[in-house]
Structures are given as C-alpha cells and as structure tokens.
Amino acid sequence: MTIKVVHYLNQFFGQYGGETAASMGIEVREEPVGPGLLLQQACGGDAAVVATIICGDNHIAERLDAVTAEIADIIAKYQPDVFFAGPAYEAGRYGVACGSLCRAVQQRLGIPAVTAMHEENPGVEIYKKDLFILKTGSNARTMRQDVERMAAFARKLLSGEEIGGPAAEGYYERGLIRNIPSPRRSTERLVDMLLDKINGRPFATEVRLPAHDDVPPAPLAKNLSEATVVLVTDGGLYPAGNPDKMPSSNPDRFHAYSIEGRDDLHEGDWTICHNGYDSTFILKDPDRLVPVDAMRELEQAGVIGRLHGAYLGTTGLITTIANSRKIGRGMAEYIKEHNIDAAVLTST
Amino acid sequence: MHLQKRYVDIEAAVFDSKTFLDGHTLHIDREELKEVVADARFARVEFELAFPGEDCRLMNVGDIVQPVCKLETGASTFPGTVDAIASVGTGETVALRGFAVAEILEVDLPLGTFVDMTGPAAPHTQFSKTINLTIDAFPAKDVHKNDYIAALNLASKKAAKYLGQAAQACAPDATETFTLERDNLAGLPRVVYIFQIFSHAPYTDTTYYGGDCAKMMPLLIHPNEVLDGALCNRDYFQMTNADPTYLYQNQPMILELYRRHGVDINFCGVILSNSPHELADKRRNAMLAADLAHYHLRADAAVLTKEGGGHPQIDLGMLCDNCENYGIRTAILISEFLSPDNAADESVLFTTKNANAIVSSSCLQKLVCPPVRRVIGSTAVPDLTNLGKVDAYGGFTLLNHKTRGGTSQQGGTMYTSLKY
Chain Y
1 MTIKVVHYLN QFFGQYGGET AASMGIEVRE EPVGPGLLLQ QACGGDAAVV ATIICGDNHI
61 AERLDAVTAE IADIIAKYQP DVFFAGPAYE AGRYGVACGS LCRAVQQRLG IPAVTAMHEE
121 NPGVEIYKKD LFILKTGSNA RTMRQDVERM AAFARKLLSG EEIGGPAAEG YYERGLIRNI
181 PSPRRSTERL VDMLLDKING RPFATEVRLP AHDDVPPAPL AKNLSEATVV LVTDGGLYPA
241 GNPDKMPSSN PDRFHAYSIE GRDDLHEGDW TICHNGYDST FILKDPDRLV PVDAMRELEQ
301 AGVIGRLHGA YLGTTGLITT IANSRKIGRG MAEYIKEHNI DAAVLTST
Chain L
1 MHLQKRYVDI EAAVFDSKTF LDGHTLHIDR EELKEVVADA RFARVEFELA FPGEDCRLMN
61 VGDIVQPVCK LETGASTFPG TVDAIASVGT GETVALRGFA VAEILEVDLP LGTFVDMTGP
121 AAPHTQFSKT INLTIDAFPA KDVHKNDYIA ALNLASKKAA KYLGQAAQAC APDATETFTL
181 ERDNLAGLPR VVYIFQIFSH APYTDTTYYG GDCAKMMPLL IHPNEVLDGA LCNRDYFQMT
241 NADPTYLYQN QPMILELYRR HGVDINFCGV ILSNSPHELA DKRRNAMLAA DLAHYHLRAD
301 AAVLTKEGGG HPQIDLGMLC DNCENYGIRT AILISEFLSP DNAADESVLF TTKNANAIVS
361 SSCLQKLVCP PVRRVIGSTA VPDLTNLGKV DAYGGFTLLN HKTRGGTSQQ GGTMYTSLKY
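As they're listed, the protein sequences go chains Y and L. In terms of my numbering, the first sequence is residues 1 to 348. In terms of my numbering, the second sequence is residues 1 to 420.
A couple of the hints might just be wrong.
[To be verified] Distance condition first, Cα-Cα at most 20 Å in a straight line; then the derived DMTMM-like pairs of lysine to aspartate or glutamate:
{"no.": "1", "chain 1": "L", "residue 1": "K419", "chain 2": "Y", "residue 2": "D130"}
{"no.": "2", "chain 1": "L", "residue 1": "K145", "chain 2": "Y", "residue 2": "D278"}
{"no.": "3", "chain 1": "Y", "residue 1": "K197", "chain 2": "L", "residue 2": "E324"}
{"no.": "4", "chain 1": "L", "residue 1": "K366", "chain 2": "Y", "residue 2": "D278"}
{"no.": "5", "chain 1": "L", "residue 1": "K419", "chain 2": "Y", "residue 2": "D214"}
{"no.": "6", "chain 1": "L", "residue 1": "K366", "chain 2": "Y", "residue 2": "D130"}
{"no.": "7", "chain 1": "Y", "residue 1": "K197", "chain 2": "L", "residue 2": "D383"}
{"no.": "8", "chain 1": "Y", "residue 1": "K129", "chain 2": "L", "residue 2": "D300"}
{"no.": "9", "chain 1": "L", "residue 1": "K353", "chain 2": "Y", "residue 2": "D130"}
{"no.": "10", "chain 1": "L", "residue 1": "K353", "chain 2": "Y", "residue 2": "D196"}
{"no.": "11", "chain 1": "Y", "residue 1": "K128", "chain 2": "L", "residue 2": "D345"}
{"no.": "12", "chain 1": "Y", "residue 1": "K4", "chain 2": "L", "residue 2": "D321"}
{"no.": "13", "chain 1": "L", "residue 1": "K366", "chain 2": "Y", "residue 2": "E70"}
{"no.": "14", "chain 1": "L", "residue 1": "K419", "chain 2": "Y", "residue 2": "E161"}
{"no.": "15", "chain 1": "L", "residue 1": "K419", "chain 2": "Y", "residue 2": "E173"}
{"no.": "16", "chain 1": "L", "residue 1": "K215", "chain 2": "Y", "residue 2": "E161"}
{"no.": "17", "chain 1": "L", "residue 1": "K389", "chain 2": "Y", "residue 2": "E173"}
{"no.": "18", "chain 1": "Y", "residue 1": "K135", "chain 2": "Y", "residue 2": "E125"}
{"no.": "19", "chain 1": "Y", "residue 1": "K245", "chain 2": "L", "residue 2": "E324"}
{"no.": "20", "chain 1": "Y", "residue 1": "K197", "chain 2": "L", "residue 2": "D321"}
[Unchecked claim] A partial selection of chain L residues facing chain Y, derived with a Cβ cut-off under 10 Å:
{"no.": "21", "residue": "H24"}
{"no.": "22", "residue": "T25"}
{"no.": "23", "residue": "H27"}
{"no.": "24", "residue": "R30"}
{"no.": "25", "residue": "K129"}
{"no.": "26", "residue": "P252"}
{"no.": "27", "residue": "L257"}
{"no.": "28", "residue": "V303"}
{"no.": "29", "residue": "V359"}
{"no.": "30", "residue": "L364"}
{"no.": "31", "residue": "G411"}
FYI, nobody ran anything at the bench for these hints, they're computed from the structure. Cβ atoms here follow ideal geometry from the backbone N, Cα and C, with glycine treated the same way.
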C-alpha cells in the first residue's frame, strides 16, 4: 500500500515567483513540485507525493484561519497518510502558514504533519507546542538534508515509534513533558548528582527552576477611604450548584459572582470546588474564605470607600503558570473596566 | 542497630481451608482472615486475589502493605498500630516478596486511586506486578467515614502480619542485612537523608509508631525503623500525593543510601521532618532539621525528598537554603506534578538558586485506561475534572497520580521526565 503524501509550498518554492506572486491564491498540482521532488526521493519507493498545494504567503497570511480551513479541506480530499509543509527557513509568513496548516491537519485528519524552519521564524514560537517542528539553518542551501530529515521523522511518527528528546531528534523543544523509563532509578541518579556536586564535577539538573517576574505591588492611587475594593479568591468558592462548572483544579478562567445587597455569606448558598484543603469550615461559614462580613464592616465604618458588588472566584490547585497568567490578566481587565482601586486576594 | 530481612518469594496464591506456605505458593484461609480483621466498624469484609497480567482493575484502593512479621518473641510488627509500641529496626523480620495486601475502600473519597493488573496503566504502578490480596471492607451502619478509614488502615496491617507469620518457619529465598556500622567510612562524605513527610491531619497523614505527625518537629531517626514498620501511610484525602506503606517498608531512598554506604558515601542518618501548613511552622521545621544535620550529624551533604502536594515544595526550598547556608550541599528529588497539561517549565514552586541539583522522580501525565473484565471494589472514581465519575468497568482517561504509586515521590518508579 503506497503511503500517500501531500506537500504544501509557498509561491516561491512552488515556482510561481517571489514577492510579486505572494498574493496568488491556492493552486493544486497532482505531482511533486520543486523541493517536493527531493521529498519524493527521500520518502522512497513505497510513498508517493499525490498532491502539492501551493499558495501565496500574503493570501494565507491575510486570512490565516479561513485559508487554513480551505486548504485543509483540499488536503482531506486526498486522504493522505502524512502531510509535509515547507521547509520554510526564515520566511516568516511561510513559517506561520506551515504551522497553521500542520496543526489543522493533525487535529482534523489525525495524521502526522511535519514542518521545518529556522529558529527565528515566528512560526516556531506560535506552533511548537502543537507540533514537532524540525530545525533548519537560515537558507535553502541545506534543502536536501532538511527534506531527508523530514521524511525520516515522518516515518517514525507513522510507525508509532517513540520520539526521543529534542536534541537527539532535531526539533524545537515544545515545552511539554512526559515520563520515560530510566535505566537508573531516580534515587540512584540523585546520589550520583550529589556526589558530582560535592566533588566539583559538572552535572545537569533534571528540573529547571522557574523564572518568575518580580512585580512590585502598585501603590494605592487614592485614599483608602475613597477606594473601591474587590475581593478575589482562588479558594474555589462558587454559588451552590457550581453553575459555571468550574473544575476543582487547573482552570483557565474565573467568574465574577454577585454579593450585591449581602452583608455576609450564608451556609448552603455556596459550594467549594477545590481538592487541596478541608473545606468543612468554609462551607459552614463562607465568609471565612471570602470575608464579605469583615469588608462590609470596614465599608460602614468608612475605612474603605466601597466594597465592589461581586467577588472574583477561581480555583488555585495545580493551576499552571500559563493559566494563572491568563486568569490574572482577565481579572486585571475586569478591575480596570469596573473602576476598582484595590483588590484583596484570599487563599487557603 | 542491626536488622536482617528474610525474604520469602511468593509466586502463586490460593484460598484454602487453612493458611500455610507450600514452597512458593501461599494458601490463605479467608475465614480465619475475616476473624483477624473483624471490627465493629465493618459490616462485612470480603477478600479476593488479583494476579499480575489479569484483566482486572482494583478500584478505590487505599493503603497497600507488604506482609511481614518480626521473628523474635515479644517483638512488635507495626508497633503502635497492630502491636504494642516497641522499638523496631533490629533483629529479624520475615517479608513476603511479590505479594501485597491492598485496601479497597467502600466510601467516597475525593481523590480515589486504582490499580490495573494489565494494560497501559499497569506499568505505571509496581502493584501490577505483585499478587494482591484485596481487603474489601464495607462500613457498618452509621459509622463515621474517618472511623471506617481508621479501621481499614489497621485491618490491612493485621492481615499483613497474619500472612507474614505464615512464612516464619520457612527458609528464606534471600536475606539482606541493614546496619550503619562499617569499617571503611574514613574520608567518605557524610550524607544525611532529610525525609520530609506530609502530615496534615489524621487520615491525611503518616504515622510514626502509630503516633500523629502533624505537629511533629524534626526527629533524628534510624533508617531501619522506616524499613521495619515504624512508619505507616494513613493518607486517604490526598492519596494521589502519598505512597502506600509498602513503599516505606522498601523505602527506595534509604535502600539506595545503604547500597552506597561505605562505597562512596557515609550514610550518617535520617531526619524525619513534617511539612506543616503554617509558614512559621515551616520555617521552624526547616531550621531545626538543618540544625540537626549540621550540629548533631555533622553532615557534609544531604538528599531531600518530599511527600504531599504543592506547599510541601516550599519546605524543601527552605530546607535546601538552611542546609546550604551551613555548607551542607544538597540534592533534591522532586516529582513534577504541577503540570497536568504537560507544560515543562512550571514544576517547582521555590526559586532559590541553591536548588541547582534536582532530579525528577516522574511527572504528571494522562493515562488511558481501557475497559476491563473484572473489577474489585464497587465505587467509581472521580474523573479528570472531578465533576463527574467514571464507570469502573469502562475505558477512561485519568492522570497517572491516580494509580497507586504512579507518581511516587520516594523513588518508587523507574522514570525520569523528558522535556520535549
């Protein structure tokens, strides 16, 4: 059974011209074209490039999602076993197009999708988490070798062989992590590493420390007695029934829940969706996580200007930094939109 | 302290009218075992056997214990839990290899765990390779959940001792001696093991001679005590972050340090330190543990492991700093569990530059578990979002920490993590 291959090229590698042809639309040729001929050779006798799809870099860049979908439809018609895009080298619009198409093909057809480009191509940063992107140099001088590596890599993906580390296989680190068997138990590696450290021998830590930003807290822009303060919590407090179906760990969102007209929070009106602590006390008195009662007292006494009429709630349990940033930015936007001056964050 | 473990290998097991060992086949009298574990907090108890490679899933698994028995008259097996409080870590202990007693919980718990005896999830737990005797205990009417848990945690160890006793008179298949006394230690670096346990509250904890450890301050202990039943797992509410008692009985970090003792290190002792939840208590424990290591053990270096979830990582960072400030070089074993969506760079909560030697014990990843023919235990397990339940027989996808020992933080797996 011949392995069916579909290949994507931009206007330049598709031999329609340079920048002047960058606005050309989609062309399909049912044969290998340009670098596709090298690809055909590299893939070997049991594979055939059944279609080459050529598109202008501007045409796809200007309507990325729509044109990606259109091309994905065309690819689907050929029912390929594997899809190649590029190599794109330093061409940015081309690299982004390759990444976008490979991702769409992976998601829609579930087949291996392989691309390659230079490390500074913006396509790497955008798509490396979704796909394997092979490394290339900055120009097409190494085309033959690059295409051969793409073909060999695709074979590995097709055979279901386990893909090794980024250095060994020549792709950009995707920012993912998984378990692999080790011939030495972690405890043995630990003592070995400690002895290297004691003896001043070089060693490589297996786990990198995170690089956190140092964000100084903003000073209050007005008197506290005039400020609107919002309560924010990651303790997983939600209205009874958890209407927004917030998960008990690692959400990527938050919601604002009204406390309008409430002087405190009552047992039974609220629930906890967070597995990291014993919620017995909070369920009995939710104010002990989101202290509406204490804040109302401060509001009435004039210590703060106003308690904002909703609290912002999410669940902080094994929440990834990426999700935390997303939630944090969202909360900051909400706070700006609602002219809130300060936030009190409560946790567990 | 001088401990000899006498290992008896179990290759087969059957239920029979009496309990005895015939070669490497363990015959088990279920009726007598029911009497051994009988407790007013149980309505009834059922026993089953599950074998490696069998199309069988153990659901809602609690503690898992290796059958052992101390051989000297009057010695205590599981002191403070099963037997009277008495020092352990000396004398002789018989231990069955290839066999384990596994608790099956018949109450709902937020973080239930499972064991698959075959299939893609099986390699992620060492208990797919042991013959498992399951204790499926049903709570008596009106029994409080914590009382039921206390009873089951005790029952598994009573059963483990009962089965260990069956091998008392057998010639062992192997023996292993554990002693820190050695002649050739001069010039070798003094390495202390700071063993950070996680005890939050009863039933989310580890017990030491049957005692609660939530308020425990750091203790100097002997590694043999860990290997000989002084330390028991009693964590039922954060189970995905806790190793079962079986791992303490065969504690990988201690076994490795013993292996290297007199070879390239001088294993100078173990400090047992809890991870409390208040910051002031964390600072105090980290200070006291480092002080014990420096002033009392004169350690040159320390290996650090942890149990529990995220906040115990903070204690590790503090311990690391306090040790390094004394000139004690540190290496840390950590499980990369803050990454259920597989992002590589977000595994560690502390940022101290002193933590420059870290080994990964495993990382969190998804496990696809196919449908199975046989299920032991009737309760379903919460799904990935914890909002729904999964059918015990059906195929489901869960995180690897849901299988017992899947993300062992004491070195129970043969994994490392690949950043890709």
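Hint-by-hint comparison with the structure:
no.	hint	in the structure
1	K419(L) - D130(Y)	holds, 14 Å
2	K145(L) - D278(Y)	holds, 14 Å
3	K197(Y) - E324(L)	holds, 12 Å
4	K366(L) - D278(Y)	violated, 26 Å
5	K419(L) - D214(Y)	violated, 26 Å
6	K366(L) - D130(Y)	holds, 17 Å
7	K197(Y) - D383(L)	violated, 42 Å
8	K129(Y) - D300(L)	violated, 42 Å
9	K353(L) - D130(Y)	violated, 31 Å
10	K353(L) - D196(Y)	holds, 17 Å
11	K128(Y) - D345(L)	holds, 14 Å
12	K4(Y) - D321(L)	violated, 58 Å
13	K366(L) - E70(Y)	violated, 33 Å
14	K419(L) - E161(Y)	holds, 17 Å
15	K419(L) - E173(Y)	holds, 7 Å
16	K215(L) - E161(Y)	violated, 50 Å
17	K389(L) - E173(Y)	violated, 35 Å
18	K135(Y) - E125(Y)	holds, 13 Å
19	K245(Y) - E324(L)	violated, 45 Å
20	K197(Y) - D321(L)	holds, 15 Å
21	H24	violated, 26 Å
22	T25	violated, 30 Å
23	H27	violated, 34 Å
24	R30	violated, 36 Å
25	K129	violated, 14 Å
26	P252	holds, 5 Å
27	L257	holds, 7 Å
28	V303	holds, 6 Å
29	V359	holds, 4 Å
30	L364	holds, 8 Å
31	G411	holds, 4 Å
Comparing the model with each numbered hint stated earlier shows that hints 4, 5, 7, 8, 9, 12, 13, 16, 17, 19, 21, 22, 23, 24 and 25 do not hold.
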